[in-house]
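Enquirer: For reference, the chains in residue letters:
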Amino acid sequence: MSYSTKVIDHYENPRNVGSFGKDEEGIATGMVGAPACGDVMKLQLKVGKDGVIEDAKFKTYGCGSAIASSSLVTEWVKGKTLDEALAIKNTQIAAELALPPVKIHCSILAEDAIKAAVADYRRKREEC
Amino acid sequence: MFRSVYLDHNAATPVAAAVLEAMLPFFAQRHGNASSRHEHGRAARRAVDEARQRVAHAVGAHPTEVIFTSGGSEANNLFIKGAALRQPAGTVAISAIEHPCVREPARALRRLGWRLRELAVDDQCRLAGADFSAALAEQPALISIMFANNETGALQDVAALAARAAQETRGGAWFHTDAVQALGKVPLDFRMLNAAGVHALTLSAHKLGGPKGAGALIVDKRVDLAPLIDGGGHERGLRSGTENVPALVGFGRACELAVAQLDGEALRLRQLRAGLERGLVAQGATIFAAQAERLPNTVFFALPEFDGETLVARLDRAGFAVASGAACSAANPQPSHVLLAMGVAPEQARAAVRVSLGRQNTADEVADFLRALSATVAQLQALTSVVG
Amino acid sequence: MLKLPVYLDYSATTPVDPRVAEKMIPYLVEKFGNPASRSHAFGWEAEKVVEEAREQVAALVNADPKEIVWTSGATESNNLAIKGAAHFYAGTKGKHIVTVATEHKAVLDTVKELERQGFEATYLEPQPNGLVTVEQFRAALRKDTVVASAMAVNNEIGVIQPIAELGELCRANGTIFHVDAAQATGKMPLDLGVLKVDLMSFSAHKTYGPKGIGALYVRRKPRVRLEAQMHGGGHERGMRSGTLPTHQIVGMGEAFRIAREEMAAENERIRMLRDRLLKGLLDIEETYVNGDLEQRVPHNLNISFNFVEGESLLMAIKDIAVSSGSACTSASLEPSYVLRSLGRSDELAHSSIRFTLGRFTTAEEIDFTIRLLHDKLGKLRELSPLWEMYKDGVDLNTVQWAAH
Numbered sequence: 001m002s003y004s005t006k007v008i009d010h011y012e013n014p015r016n017v018g019s020f021g022k023d024e025e026g027i028a029t030g031m032v033g034a035p036a037c038g039d040v041m042k043l044q045l046k047v048g049k050d051g052v053i054e055d056a057k058f059k060t061y062g063c064g065s066a067i068a069s070s071s072l073v074t075e076w077v078k079g080k081t082l083d084e085a086l087a088i089k090n091t092q093i094a095a096e097l098a099l100p101p102v103k104i105h106c107s108i109l110a111e112d113a114i115k116a117a118v119a120d121y122r123r124k125r126e127e128c
Numbered sequence: 001m002f003r004s005v006y007l008d009h010n011a012a013t014p015v016a017a018a019v020l021e022a023m024l025p026f027f028a029q030r031h032g033n034a035s036s037r038h039e040h041g042r043a044a045r046r047a048v049d050e051a052r053q054r055v056a057h058a059v060g061a062h063p064t065e066v067i068f069t070s071g072g073s074e075a076n077n078l079f080i081k082g083a084a085l086r087q088p089a090g091t092v093a094i095s096a097i098e099h100p101c102v103r104e105p106a107r108a109l110r111r112l113g114w115r116l117r118e119l120a121v122d123d124q125c126r127l128a129g130a131d132f133s134a135a136l137a138e139q140p141a142l143i144s145i146m147f148a149n150n151e152t153g154a155l156q157d158v159a160a161l162a163a164r165a166a167q168e169t170r171g172g173a174w175f176h177t178d179a180v181q182a183l184g185k186v187p188l189d190f191r192m193l194n195a196a197g198v199h200a201l202t203l204s205a206h207k208l209g210g211p212k213g214a215g216a217l218i219v220d221k222r223v224d225l226a227p228l229i230d231g232g233g234h235e236r237g238l239r240s241g242t243e244n245v246p247a248l249v250g251f252g253r254a255c256e257l258a259v260a261q262l263d264g265e266a267l268r269l270r271q272l273r274a275g276l277e278r279g280l281v282a283q284g285a286t287i288f289a290a291q292a293e294r295l296p297n298t299v300f301f302a303l304p305e306f307d308g309e310t311l312v313a314r315l316d317r318a319g320f321a322v323a324s325g326a327a328c329s330a331a332n333p334q335p336s337h338v339l340l341a342m343g344v345a346p347e348q349a350r351a352a353v354r355v356s357l358g359r360q361n362t363a364d365e366v367a368d369f370l371r372a373l374s375a376t377v378a379q380l381q382a383l384t385s386v387v388g
Numbered sequence: 001m002l003k004l005p006v007y008l009d010y011s012a013t014t015p016v017d018p019r020v021a022e023k024m025i026p027y028l029v030e031k032f033g034n035p036a037s038r039s040h041a042f043g044w045e046a047e048k049v050v051e052e053a054r055e056q057v058a059a060l061v062n063a064d065p066k067e068i069v070w071t072s073g074a075t076e077s078n079n080l081a082i083k084g085a086a087h088f089y090a091g092t093k094g095k096h097i098v099t100v101a102t103e104h105k106a107v108l109d110t111v112k113e114l115e116r117q118g119f120e121a122t123y124l125e126p127q128p129n130g131l132v133t134v135e136q137f138r139a140a141l142r143k144d145t146v147v148a149s150a151m152a153v154n155n156e157i158g159v160i161q162p163i164a165e166l167g168e169l170c171r172a173n174g175t176i177f178h179v180d181a182a183q184a185t186g187k188m189p190l191d192l193g194v195l196k197v198d199l200m201s202f203s204a205h206k207t208y209g210p211k212g213i214g215a216l217y218v219r220r221k222p223r224v225r226l227e228a229q230m231h232g233g234g235h236e237r238g239m240r241s242g243t244l245p246t247h248q249i250v251g252m253g254e255a256f257r258i259a260r261e262e263m264a265a266e267n268e269r270i271r272m273l274r275d276r277l278l279k280g281l282l283d284i285e286e287t288y289v290n291g292d293l294e295q296r297v298p299h300n301l302n303i304s305f306n307f308v309e310g311e312s313l314l315m316a317i318k319d320i321a322v323s324s325g326s327a328c329t330s331a332s333l334e335p336s337y338v339l340r341s342l343g344r345s346d347e348l349a350h351s352s353i354r355f356t357l358g359r360f361t362t363a364e365e366i367d368f369t370i371r372l373l374h375d376k377l378g379k380l381r382e383l384s385p386l387w388e389m390y391k392d393g394v395d396l397n398t399v400q401w402a403a404h
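Residue numbers (our numbering), protein chains in the order written: chain A, 1 to 128; chain B, 1 to 388; chain C, 1 to 404.
The hints are simulated quantities; they were obtained by calculation from the structure and are not laboratory data.
Any given hint could turn out to be false.
To be verified - When the alpha-carbon atoms are kept at most 20 Å apart in a straight line, the in silico EDC-like pairs for lysine to aspartate or glutamate are as follows:
1) C:Lys-379 x A:Asp-9
2) C:Lys-196 x C:Asp-144
3) C:Lys-318 x C:Glu-388
4) C:Lys-318 x A:Asp-55
5) C:Lys-112 x B:Asp-224
6) A:Lys-22 x C:Asp-395
7) C:Lys-31 x C:Glu-52
8) C:Lys-318 x A:Glu-12
9) C:Lys-221 x C:Asp-64
10) C:Lys-31 x B:Glu-21
11) A:Lys-57 x C:Asp-64
12) C:Lys-376 x B:Glu-39
13) A:Lys-46 x A:Asp-120
14) C:Lys-318 x B:Glu-39
15) C:Lys-391 x A:Asp-23
16) C:Lys-3 x B:Glu-39
17) A:Lys-22 x C:Glu-364
18) C:Lys-3 x C:Glu-365
19) C:Lys-376 x C:Glu-286
20) A:Lys-57 x A:Glu-111
21) C:Lys-376 x A:Asp-120
22) A:Lys-78 x A:Asp-55
23) C:Lys-376 x A:Asp-9
24) C:Lys-143 x C:Glu-115
25) C:Lys-379 x A:Glu-12
26) A:Lys-78 x A:Glu-54
27) C:Lys-23 x B:Glu-21
28) A:Lys-57 x C:Asp-392
29) C:Lys-391 x C:Asp-292
30) C:Lys-48 x B:Asp-316
31) C:Lys-279 x C:Asp-292
32) A:Lys-22 x C:Asp-392
33) C:Lys-23 x C:Glu-261
34) A:Lys-57 x C:Glu-382
35) A:Lys-22 x C:Glu-52
36) C:Lys-31 x B:Asp-316
Stated by the list, open to error - Some chain C residues judged to face chain B by a derived CB distance under 7 Å, without partners named:
37) Pro-26
38) Leu-28
39) Val-29
40) Asn-34
We put the CB at the ideal spot given by N, CA and C, even for glycine.
Let's have the full structure, built from the sequences with the hints guiding it.
Expert: Quick look at the structure:
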């Protein structure tokens, strides 16, 4: 498998790795994928009172492309509103990272992780 | 050290220095398995890909049309049995002068219900037109006609035969040609042949300065083939087994060299052979298939009244390595099936000797050979007259 | 100074031993005759060394040289053995075949092809340690079992099947017993004078010989017969036609001679290195050895690293050349079928690494490998949400995954 230089860069120096503290305010978590499929992505968003994503963190179990896709997404969502974040499409991720066809599912998973995190945020707001 | 003059290049050839040089790194330092995903494996894969391109380029084929095998015999078996297994039993037509590795798989098909039709040749080792027409009327499903005969060197007009076959069977036959002896000696253009109706071509490395243990089937992808060797799915699933990287690298390099040198070398060999044949005729020899278009390096001849086996054994002792028939069937005391098919009398066929020239041979060696032959004949005559 | 990447993939292929390469080269260049040429010294010389090599191959496994048939490699040997015997004896014995689910693809795909041709097959699932039991095998054999095939040493996990006992069962049942020994030569003693094995496949390039050459042992007493799979000039007593590649055969002979002479000492050295690697890697939390550690060749260590994904692990450790799954199937993203049939979960099968050691492996390389794995696993687990959950005490089996 030959990876693009951007994938290798994100894989070797992943951005925003980690988890937010359990009691921090405004944290939304999206977890997608399954171990049996070979990828699990956890994306966390820290959303400010104005609805803008202030920070993001991720952890990913998966191949280099999955790690790179989620790392890239944490960079892209920062400073965006939730709706702007939802507008990020897997095709943009795949294009940015020059993912080969067999790795497109990694970008889809990253898009799904954003959707799951935003849904988690909105659900929590409704519950309040 | 005394070294014989080697005049049996249709049996095997020495590996050219440049070919050996290309192969050597792949034994020890660059030894990866081409299926491994790490750097050793990827380097091996690149080498195999490059070899595939070189072989394809040498015969005007696309790299994806190249199926690597362990040699010509396997490639012939793969085509004949592989194509037969994927269709209902029908008729397989082969020329009467095919190498055993075409003839025997074709005969083996009879157990699967196939009919075998052998195509006659004329006294010049050329396919007999009338018999070919009669055979085509039987609508064969598989046809295999060798490009160049290993014994006489006679060339068939494969493109024309394939075109006729395509027309008269209305495209219903797969047409294959064993081009093992032709590669590197005469131009081969699979695109042109394919356009005429040839669907597959067999090649081998060790007849053109490459190593033994590598060959290829060049095959039109429309031909549905069953693999002979299952497991692992190498070569698009048509031939499983770890790629023989050094041999394939050598095969690729040998093809490249042979094609680059083909025109000059063919001319040189033709001139050498002309001198050889003049000398042979002067000694009373009959040259088989002399009227046919032939490979530039091959002479198959007989001197009356001398057993070919005896003659070649004496020539070997005199320092000249020649053949009495095809290497593969040399254990077999039967006279050459090729000569019998040409209508040569068995006693004359038993006298046959094959000289096949190669890159290292010189005019001096040819002259030495002619002198040695004449001396050997004189000794044998003395012997028979004493006994007689 | 360590040369990178460190090669720990000796079960995929071995480098040609320099002593072997040296023996081969003259047969490419000056002694290039076709062994089938009977009319001159070039041919006789080639034929002579082919027969010497046949003796060397036979000697490693205590066979008669007449029982050795040259092929292009173990894949072809496996095809010739199984198809050849199945076709020859189907009419008299029957059309049932027994094999093991963890065999090499060259055996499994061959048996599948025979199934397409109307044979019936039983694939035995091994125990969690990778071994089939004698009882399982006994239960699978039927009156019409024509051929049984089991490998001596598994290519992925290195376990040694009980071929001596399986051979006894087959002999008693009148079943032809084939053993794929591609991974066994030079790694364990094989005595065909004692083993009730009828057909055995060998490869040169797994034992420091060249690629493109292998052999099939075909027993003479009691005589085993085969239907040829490759027809032509009648080489190899009609069992396998095709020009014999002299240099490769000479290489295989020399490689097997060296194996016979050096196996005992070499395997002890490799066992020490393997144990050092094992200890160093088991120091890492949540690692699992795949396959039995006792009934196993010393060259192989196959370990699953929990909570990291296999492909990213391979990418992280590209300074060592190892494989996940076998070389032949690792182009696909499917988890190893061998590990799955041992009952390993997909996750553990995905994150398995096969380390195979060999003649040129050094202690320095092993220590480098241990350090590399510790370092990279730490990083990947830092990235892994599964590791985090595990550390938080979450039972991953109870999680509802949003499978896609």
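Enquirer: Now tell me if each hint is right for this structure.
Expert: Going down the list of hints, with the structure as the test:
no. : hint                  : verdict
1   : C:Lys-379 x A:Asp-9   : holds (15 Å)
2   : C:Lys-196 x C:Asp-144 : holds (19 Å)
3   : C:Lys-318 x C:Glu-388 : violated (25 Å)
4   : C:Lys-318 x A:Asp-55  : violated (33 Å)
5   : C:Lys-112 x B:Asp-224 : holds (19 Å)
6   : A:Lys-22 x C:Asp-395  : holds (19 Å)
7   : C:Lys-31 x C:Glu-52   : holds (15 Å)
8   : C:Lys-318 x A:Glu-12  : holds (12 Å)
9   : C:Lys-221 x C:Asp-64  : holds (10 Å)
10  : C:Lys-31 x B:Glu-21   : holds (17 Å)
11  : A:Lys-57 x C:Asp-64   : violated (68 Å)
12  : C:Lys-376 x B:Glu-39  : holds (19 Å)
13  : A:Lys-46 x A:Asp-120  : holds (12 Å)
14  : C:Lys-318 x B:Glu-39  : holds (8 Å)
15  : C:Lys-391 x A:Asp-23  : holds (18 Å)
16  : C:Lys-3 x B:Glu-39    : holds (13 Å)
17  : A:Lys-22 x C:Glu-364  : violated (44 Å)
18  : C:Lys-3 x C:Glu-365   : holds (9 Å)
19  : C:Lys-376 x C:Glu-286 : holds (14 Å)
20  : A:Lys-57 x A:Glu-111  : holds (15 Å)
21  : C:Lys-376 x A:Asp-120 : violated (32 Å)
22  : A:Lys-78 x A:Asp-55   : holds (6 Å)
23  : C:Lys-376 x A:Asp-9   : holds (16 Å)
24  : C:Lys-143 x C:Glu-115 : holds (18 Å)
25  : C:Lys-379 x A:Glu-12  : holds (10 Å)
26  : A:Lys-78 x A:Glu-54   : holds (6 Å)
27  : C:Lys-23 x B:Glu-21   : holds (16 Å)
28  : A:Lys-57 x C:Asp-392  : holds (18 Å)
29  : C:Lys-391 x C:Asp-292 : violated (28 Å)
30  : C:Lys-48 x B:Asp-316  : holds (17 Å)
31  : C:Lys-279 x C:Asp-292 : holds (16 Å)
32  : A:Lys-22 x C:Asp-392  : holds (12 Å)
33  : C:Lys-23 x C:Glu-261  : holds (17 Å)
34  : A:Lys-57 x C:Glu-382  : holds (13 Å)
35  : A:Lys-22 x C:Glu-52   : violated (74 Å)
36  : C:Lys-31 x B:Asp-316  : holds (15 Å)
37  : Pro-26                : violated (11 Å)
38  : Leu-28                : holds (4 Å)
39  : Val-29                : holds (6 Å)
40  : Asn-34                : holds (4 Å)
Checked against the numbered hints given earlier, the structure breaks hints 3, 4, 11, 17, 21, 29, 35, 37 and satisfies all the rest.
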